[in-house]
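Listed below are the residues making up each chain.
There are 2 protein chains.
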Amino acid sequence: MNAPSGRTQVRRAAHNASYDSALLHAILDAAYVCHVAFADEHGAHCIPTACWRIGEHLYIHGSNGSRMLKRLMEQDACVTVTHVDGLVMARSAFNHSMNYRSAMVYGRFELVPDAEKHPALEAFMEHLAPGRQQEVRPGNDKEYAATTVLRISLDEAACKARTGGPKDDEEDMSIPVWAGVLPMAQQRLEAVPEPGFTGPVPAYVSGWAGS
Amino acid sequence: MNAPSGRTQVRRAAHNASYDSALLHAILDAAYVCHVAFADEHGAHCIPTACWRIGEHLYIHGSNGSRMLKRLMEQDACVTVTHVDGLVMARSAFNHSMNYRSAMVYGRFELVPDAEKHPALEAFMEHLAPGRQQEVRPGNDKEYAATTVLRISLDEAACKARTGGPKDDEEDMSIPVWAGVLPMAQQRLEAVPEPGFTGPVPAYVSGWAGS
Numbered sequence: 001m002n003a004p005s006g007r008t009q010v011r012r013a014a015h016n017a018s019y020d021s022a023l024l025h026a027i028l029d030a031a032y033v034c035h036v037a038f039a040d041e042h043g044a045h046c047i048p049t050a051c052w053r054i055g056e057h058l059y060i061h062g063s064n065g066s067r068m069l070k071r072l073m074e075q076d077a078c079v080t081v082t083h084v085d086g087l088v089m090a091r092s093a094f095n096h097s098m099n100y101r102s103a104m105v106y107g108r109f110e111l112v113p114d115a116e117k118h119p120a121l122e123a124f125m126e127h128l129a130p131g132r133q134q135e136v137r138p139g140n141d142k143e144y145a146a147t148t149v150l151r152i153s154l155d156e157a158a159c160k161a162r163t164g165g166p167k168d169d170e171e172d173m174s175i176p177v178w179a180g181v182l183p184m185a186q187q188r189l190e191a192v193p194e195p196g197f198t199g200p201v202p203a204y205v206s207g208w209a210g211s
Numbered sequence: 001m002n003a004p005s006g007r008t009q010v011r012r013a014a015h016n017a018s019y020d021s022a023l024l025h026a027i028l029d030a031a032y033v034c035h036v037a038f039a040d041e042h043g044a045h046c047i048p049t050a051c052w053r054i055g056e057h058l059y060i061h062g063s064n065g066s067r068m069l070k071r072l073m074e075q076d077a078c079v080t081v082t083h084v085d086g087l088v089m090a091r092s093a094f095n096h097s098m099n100y101r102s103a104m105v106y107g108r109f110e111l112v113p114d115a116e117k118h119p120a121l122e123a124f125m126e127h128l129a130p131g132r133q134q135e136v137r138p139g140n141d142k143e144y145a146a147t148t149v150l151r152i153s154l155d156e157a158a159c160k161a162r163t164g165g166p167k168d169d170e171e172d173m174s175i176p177v178w179a180g181v182l183p184m185a186q187q188r189l190e191a192v193p194e195p196g197f198t199g200p201v202p203a204y205v206s207g208w209a210g211s
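Sequences listed follow chains A and B, in order.
Be aware that the first sequence starts at 1, since it is given in our numbering, and climbs by one per residue.
Be aware that the second sequence starts at 1, since it is given in our numbering, and climbs by one per residue.
Careful, some of the hints might be misleading.
[As the list claims (entries may be wrong)] With a straight-line Cα cutoff of 25 Å, these simulated DSS-like cross-link-like pairs (lysine-lysine) come out:
| # | chain 1 | residue 1 | chain 2 | residue 2 |
| --- | --- | --- | --- | --- |
| 1 | B | K117 | A | K117 |
| 2 | A | K142 | A | K117 |
| 3 | A | K117 | A | K167 |
| 4 | B | K117 | A | K142 |
| 5 | B | K70 | B | K142 |
| 6 | B | K117 | B | K167 |
| 7 | A | K142 | B | K70 |
| 8 | A | K70 | A | K142 |
| 9 | A | K167 | B | K167 |
| 10 | B | K117 | B | K142 |
[To be verified] Here are a few chain B residues that face chain A, going by a calculated C-beta distance under 7 Å:
| # | residue |
| --- | --- |
| 11 | A37 |
| 12 | G199 |
| 13 | V205 |
[To be verified] Here are the computed distance ranges between Cβ atoms for each label pair:
| # | chain 1 | residue 1 | chain 2 | residue 2 | range |
| --- | --- | --- | --- | --- | --- |
| 14 | B | P119 | A | H118 | 52 to 62 Å |
| 15 | B | A22 | A | P195 | 21 to 31 Å |
| 16 | A | D29 | B | E194 | 24 to 34 Å |
| 17 | B | S206 | A | P195 | 51 to 61 Å |
| 18 | B | S206 | A | A30 | 21 to 31 Å |
| 19 | A | A30 | B | V10 | 20 to 30 Å |
| 20 | A | E190 | B | E56 | 32 to 42 Å |
None of these hints come from the bench; they were simulated from the model.
Just so we're clear, the structure is a prediction, and the values are computed from it rather than from any experiment.
The C-beta atom is built at its ideal place from N, Cα and C for all residues, glycine as well.
Put together the whole structure using the sequences plus the hints.
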């Protein structure tokens, strides 16, 4: 599959590049946070913010007053999600590497219109805690009105991913040093309820740790 | 402590902001990867890359041919490190939040001169795997010559961090829904050695998982 545009054409370690939609979705869906790059009169900014995917768009949200959200509707941005999966220990210092999955999306964010704001924010909750939307107090008119939701198309996107062990030079293979991968992953720790709660524990809480 | 500059002055959720050097160091030292934002004629870019701290600088490295590294010496950048620590479940949809630690560094990257390149890259290895530099084949002249190391001063930096449970509105406190935090952390998984290795296992490998 080819890169969808010049700026999504991966040049460094191009053998790790992919323009596959299933991989892109998987990388984005595994993320709670993306990093958004944009520029203004003070230069470039790199802002972490919560994100979620619906179909072929990535969504973010924030307060109406956010300077970033205003700016993002006026100019193109680059949104990146990165998962670090391990440290790759080679026999030579130079050939050390990391295993990772990353996705970059280029384009212009657009305002999600009021009619789609409710379902978009409900999908966000579903991403965080499936079924919870029906349990909490939903947003009221004032809260919805104070919230801006933006989305960016996934049309112009690229992924990079590395897996597996070190790629050593042939002449280094006999060096008697430990070589391999030190893997890492996002771990879900035991849920911490607010003091005094005695009600039923929902599935997204009881199944959180160890999943 | 005050923000070191206008562009590091946190405006959103300013009660979560900090300009404390110890917190900044801790957030950076817990990271393997940062996101670097910069702009060129194609717009803004957000590139994940390995990073490590020495004193009051954050370091990155790459191939001499890297367009990003060239560009970063010509204009200011913004470097961000983010750790997501948990999902904060409030009684109302609107008050949901995340626990996190993030650091943003603004400024111009500078080239690390040849005389400091060796110790800088050795410090990188020490960050990844303490003691390993003495075990592997060190870089040769050609490998060092092919590698560019850049650093950015931590003078212009800001941190944001949120911890603890939800902050609910008073009138929502009696809603009988589970509320609290779903914590997460970076987990180190069992090391995966290359096939056939029978030598001694160094401490940074045997102590990796569960640490």
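So, going through the hints one by one against the coordinates:
{"no.": "1", "hint": "B:K117 with A:K117", "result": "51 Å, violated"}
{"no.": "2", "hint": "A:K142 with A:K117", "result": "13 Å, holds"}
{"no.": "3", "hint": "A:K117 with A:K167", "result": "47 Å, violated"}
{"no.": "4", "hint": "B:K117 with A:K142", "result": "55 Å, violated"}
{"no.": "5", "hint": "B:K70 with B:K142", "result": "20 Å, holds"}
{"no.": "6", "hint": "B:K117 with B:K167", "result": "47 Å, violated"}
{"no.": "7", "hint": "A:K142 with B:K70", "result": "48 Å, violated"}
{"no.": "8", "hint": "A:K70 with A:K142", "result": "20 Å, holds"}
{"no.": "9", "hint": "A:K167 with B:K167", "result": "49 Å, violated"}
{"no.": "10", "hint": "B:K117 with B:K142", "result": "13 Å, holds"}
{"no.": "11", "hint": "A37", "result": "3 Å, holds"}
{"no.": "12", "hint": "G199", "result": "5 Å, holds"}
{"no.": "13", "hint": "V205", "result": "5 Å, holds"}
{"no.": "14", "hint": "B:P119 with A:H118: 52 to 62 Å", "result": "56 Å, holds"}
{"no.": "15", "hint": "B:A22 with A:P195: 21 to 31 Å", "result": "30 Å, holds"}
{"no.": "16", "hint": "A:D29 with B:E194: 24 to 34 Å", "result": "31 Å, holds"}
{"no.": "17", "hint": "B:S206 with A:P195: 51 to 61 Å", "result": "40 Å, violated"}
{"no.": "18", "hint": "B:S206 with A:A30: 21 to 31 Å", "result": "29 Å, holds"}
{"no.": "19", "hint": "A:A30 with B:V10: 20 to 30 Å", "result": "28 Å, holds"}
{"no.": "20", "hint": "A:E190 with B:E56: 32 to 42 Å", "result": "37 Å, holds"}
Figure legend: structure checked against the earlier numbered hints; hints not met, in rising order: 1, 3, 4, 6, 7, 9, 17.
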